[in-house]
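Trainee: Each chain, letter by letter, is given below.
Protein chains: 2
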Amino acid sequence: MVVKVYGEARAVCPQRVIHCLIEKGVPFELVHVDLDAMEHKRPEFMEKQPFGQVPYVVDGDFELFESRAIARYYASKYADYGPSLLGRTAEERAKVEQWLDVEAMNYNPVAFSIVWNAFILPARGLARKEAKAAAAARKLEAIMEVYEKQLAKSRYLAGEEFTLADLTHIPATRYVVENCNMAHLMEGKQHLKAWWENITGRPGWKKVMEFVETGATKYQP
Amino acid sequence: MVVKVYGEARAVCPQRVIHCLIEKGVPFELVHVDLDAMEHKRPEFMEKQPFGQVPYVVDGDFELFESRAIARYYASKYADYGPSLLGRTAEERAKVEQWLDVEAMNYNPVAFSIVWNAFILPARGLARKEAKAAAAARKLEAIMEVYEKQLAKSRYLAGEEFTLADLTHIPATRYVVENCNMAHLMEGKQHLKAWWENITGRPGWKKVMEFVETGATKYQP
Numbered sequence: 590m591v592v593k594v595y596g597e598a599r600a601v602c603p604q605r606v607i608h609c610l611i612e613k614g615v616p617f618e619l620v621h622v623d624l625d626a627m628e629h630k631r632p633e634f635m636e637k638q639p640f641g642q643v644p645y646v647v648d649g650d651f652e653l654f655e656s657r658a659i660a661r662y663y664a665s666k667y668a669d670y671g672p673s674l675l676g677r678t679a680e681e682r683a684k685v686e687q688w689l690d691v692e693a694m695n696y697n698p699v700a701f702s703i704v705w706n707a708f709i710l711p712a713r714g715l716a717r718k719e720a721k722a723a724a725a726a727r728k729l730e731a732i733m734e735v736y737e738k739q740l741a742k743s744r745y746l747a748g749e750e751f752t753l754a755d756l757t758h759i760p761a762t763r764y765v766v767e768n769c770n771m772a773h774l775m776e777g778k779q780h781l782k783a784w785w786e787n788i789t790g791r792p793g794w795k796k797v798m799e800f801v802e803t804g805a806t807k808y809q810p
Numbered sequence: 590m591v592v593k594v595y596g597e598a599r600a601v602c603p604q605r606v607i608h609c610l611i612e613k614g615v616p617f618e619l620v621h622v623d624l625d626a627m628e629h630k631r632p633e634f635m636e637k638q639p640f641g642q643v644p645y646v647v648d649g650d651f652e653l654f655e656s657r658a659i660a661r662y663y664a665s666k667y668a669d670y671g672p673s674l675l676g677r678t679a680e681e682r683a684k685v686e687q688w689l690d691v692e693a694m695n696y697n698p699v700a701f702s703i704v705w706n707a708f709i710l711p712a713r714g715l716a717r718k719e720a721k722a723a724a725a726a727r728k729l730e731a732i733m734e735v736y737e738k739q740l741a742k743s744r745y746l747a748g749e750e751f752t753l754a755d756l757t758h759i760p761a762t763r764y765v766v767e768n769c770n771m772a773h774l775m776e777g778k779q780h781l782k783a784w785w786e787n788i789t790g791r792p793g794w795k796k797v798m799e800f801v802e803t804g805a806t807k808y809q810p
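From first to last, the protein sequence lines stand for chains A and B. Going left to right, the first sequence walks through residues 590 to 810 as the working numbering numbers them. Going left to right, the second sequence walks through residues 590 to 810 as the working numbering numbers them.
Keep in mind the hints are simulated off the structure, nothing from the lab. Where hints are given, some of them may not hold.
Note that the list lumps identical chains together, so a pair holds whenever it fits in one copy or between two copies.
Each computed DSSO-like pair below joins lysine-lysine, with the alpha-carbon atoms no more than 30 angstroms apart [stated by the list, open to error]: (1) LYS593 <-> LYS721; (2) LYS666 <-> LYS778; (3) LYS778 <-> LYS630; (4) LYS728 <-> LYS718; (5) LYS630 <-> LYS721; (6) LYS593 <-> LYS796; (7) LYS666 <-> LYS795; (8) LYS807 <-> LYS728; (9) LYS738 <-> LYS637; (10) LYS782 <-> LYS728; (11) LYS718 <-> LYS637; (12) LYS795 <-> LYS738; (13) LYS593 <-> LYS742; (14) LYS778 <-> LYS593; (15) LYS637 <-> LYS728; (16) LYS666 <-> LYS728; (17) LYS782 <-> LYS593; (18) LYS630 <-> LYS742; (19) LYS742 <-> LYS778; (20) LYS593 <-> LYS795; (21) LYS807 <-> LYS795.
Model the full assembly from the supplied sequences, consistent with the hints where possible.
Mentor: Here you go:
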């Protein structure tokens, strides 16, 4: 029985989930939800995800939504396989949770504002909102300066191992760097840049990009 | 050795942490950080919390910030004492995490917008931003309609027991209901109202309110 992930491979939150499943070697099937056609706002979708957001997963008779909660669940369920994405002690997990929450509460709203104003609006044929994107970019740079200091102290955000704290940042940051003309935000931040090259060089993340590029829907480790 | 919580009892995020500590019977000392005097933006504070936000905790030589991460840590560390705030199985915890993330990603930004525009600005002698507060109130009501359906199915958000999923909502919602003239948002939502009366009637939450009203700084169960 494979996990069914309802979403679109190019969307940020489904990418967080499928990256986690790949790191943990969990077979899954991606069930395409057409966001352009607003399928995520249809009643049959909202029966499963009442806020009309992707992704949700169906795993036998267990269903779950919210990408970070899904990632935590599989990271915990398969704790003994692959990288220890939640740390090995209560204190290590707490530090993973701290940086997961920094991403959710501080980093993501700002990164999303950049992606929305500088990429999604133009992709929909609307004007790029330059001033809003620039204001968000200044905030993101201030956050990245904190990350630079942290990454000078430890190889990954929550310590010496790759965890969900790092993984959760990848999808939105890739859009910021590659699609919003904002790669300069990382300039002069050597530890941040080394971290970014390291975590996006992982085979697991490259596999996520394969899903985006090929339209593949099935993963079997 | 007691846990030191750096923050202010009237602030939303410290309330989330001290409520959790009280539910779990963990002695703590509240170390006052004067937000009006911007003490949370001073270098010595930002050495501990690099984003300049309250609270952070110091527990012997272990330090942690982000209120939801702190709550998860103590709920997990003292899993066997008091209410099972994270569920009892992996699937129960996953549902708790789902609703924790709904609060963090959907509910909190909207509730905070109401509190900011309808309470904090006037409290600082600035004009209440009526249109912004009203727009956020419409969004919060739509979210509350989803909660009403969920709470018709289970007594608490994540099931039949009080968990962090419920606890995390209380501080900001209290400001919305009591200080922003928005109690009408709950009207006609009988399950939501019963849930709200239930969770704010807990001795643990009443103790939090005592800290706000009396200026007490020490908790010993």
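Trainee: Indicate, hint by hint, whether the structure satisfies it.
Mentor: Hints versus structure:
1. In this assembly of identical chains, the alpha carbons of LYS593 and LYS721 never lie at most 30 angstroms apart, being 37 angstroms within a copy and 39 angstroms across copies at closest.
2. When the C-alpha separation of LYS666 and LYS778 is checked against a cutoff of 30 angstroms, the pair qualifies neither within a copy, at 35 angstroms, nor between copies, at 36 angstroms.
3. For a Cα distance limit of 30 angstroms, the shortest separation of LYS778 from LYS630 across copies, 23 angstroms, qualifies, whereas the shortest one inside one copy, 40 angstroms, does not.
4. For the identical chains of this complex, LYS728 and LYS718 are neighbours both inside a copy (16 angstroms) and across copies (23 angstroms), given an alpha-carbon limit of 30 angstroms.
5. For a Cα distance limit of 30 angstroms, the shortest separation of LYS630 from LYS721 qualifies both inside one copy, at 27 angstroms, and across copies, at 25 angstroms.
6. Proximity of LYS593 and LYS796 under a CA criterion of 30 angstroms is satisfied intra-copy only: 17 angstroms inside one chain copy versus 44 angstroms between copies.
7. With identical chains, the CA atoms of LYS666 and LYS795 are at most 30 angstroms apart within one copy only, with a shortest distance of 23 angstroms there and 36 angstroms across copies.
8. Proximity of LYS807 and LYS728 under a CA criterion of 30 angstroms is satisfied in neither setting, with 38 angstroms inside one chain copy and 36 angstroms between copies.
9. Within a single copy, LYS738 and LYS637 get their C-alpha atoms only as close as 41 angstroms, which misses the 30 angstroms cut-off; across copies the closest is 13 angstroms, which meets it.
10. Only within a single protomer do LYS782 and LYS728 lie at most 30 angstroms apart by alpha-carbon distance; the minimum there is 18 angstroms, versus 38 angstroms between protomers.
11. For a Cα distance limit of 30 angstroms, the shortest separation of LYS718 from LYS637 qualifies neither inside one copy, at 33 angstroms, nor across copies, at 35 angstroms.
12. For the homomeric pair LYS795 and LYS738, the shortest alpha-carbon distance inside one copy (27 angstroms) is at most 30 angstroms, but the shortest distance between copies (40 angstroms) is not.
13. In the homo-oligomer, the alpha carbons of LYS593 and LYS742 lie at most 30 angstroms apart only across protomers (24 angstroms), although the nearest pairing inside one protomer, at 38 angstroms, exceeds that limit.
14. For the identical chains of this complex, LYS778 and LYS593 are neighbours neither inside a copy (39 angstroms) nor across copies (33 angstroms), given an alpha-carbon limit of 30 angstroms.
15. For the identical chains of this complex, LYS637 and LYS728 are inter-copy neighbours only, at 20 angstroms across copies versus 35 angstroms inside a copy, given an alpha-carbon limit of 30 angstroms.
16. Proximity of LYS666 and LYS728 under a CA criterion of 30 angstroms is satisfied in neither setting, with 36 angstroms inside one chain copy and 34 angstroms between copies.
17. Taking identical chains as interchangeable, the C-alpha atoms of LYS782 and LYS593 are never at most 30 angstroms apart, the minima being 34 angstroms within one chain and 35 angstroms between chains.
18. For a Cα distance limit of 30 angstroms, the shortest separation of LYS630 from LYS742 across copies, 22 angstroms, qualifies, whereas the shortest one inside one copy, 44 angstroms, does not.
19. Taking the shortest Cα distances, LYS742 and LYS778 sit within 30 angstroms of each other inside one copy (13 angstroms), while across copies they are farther apart (50 angstroms).
20. In this assembly of identical chains, LYS593 and LYS795 lie within 30 angstroms of each other by CA distance solely inside one copy; the values are 20 angstroms within and 43 angstroms between copies.
21. In this homomeric assembly, LYS807 and LYS795 come within 30 angstroms of each other (Cα to Cα) only inside a single copy, at 15 angstroms, whereas the closest approach across copies is 51 angstroms.
Checked against the numbered hints above, the structure violates hints 1, 2, 8, 11, 14, 16, 17; every other hint is satisfied.
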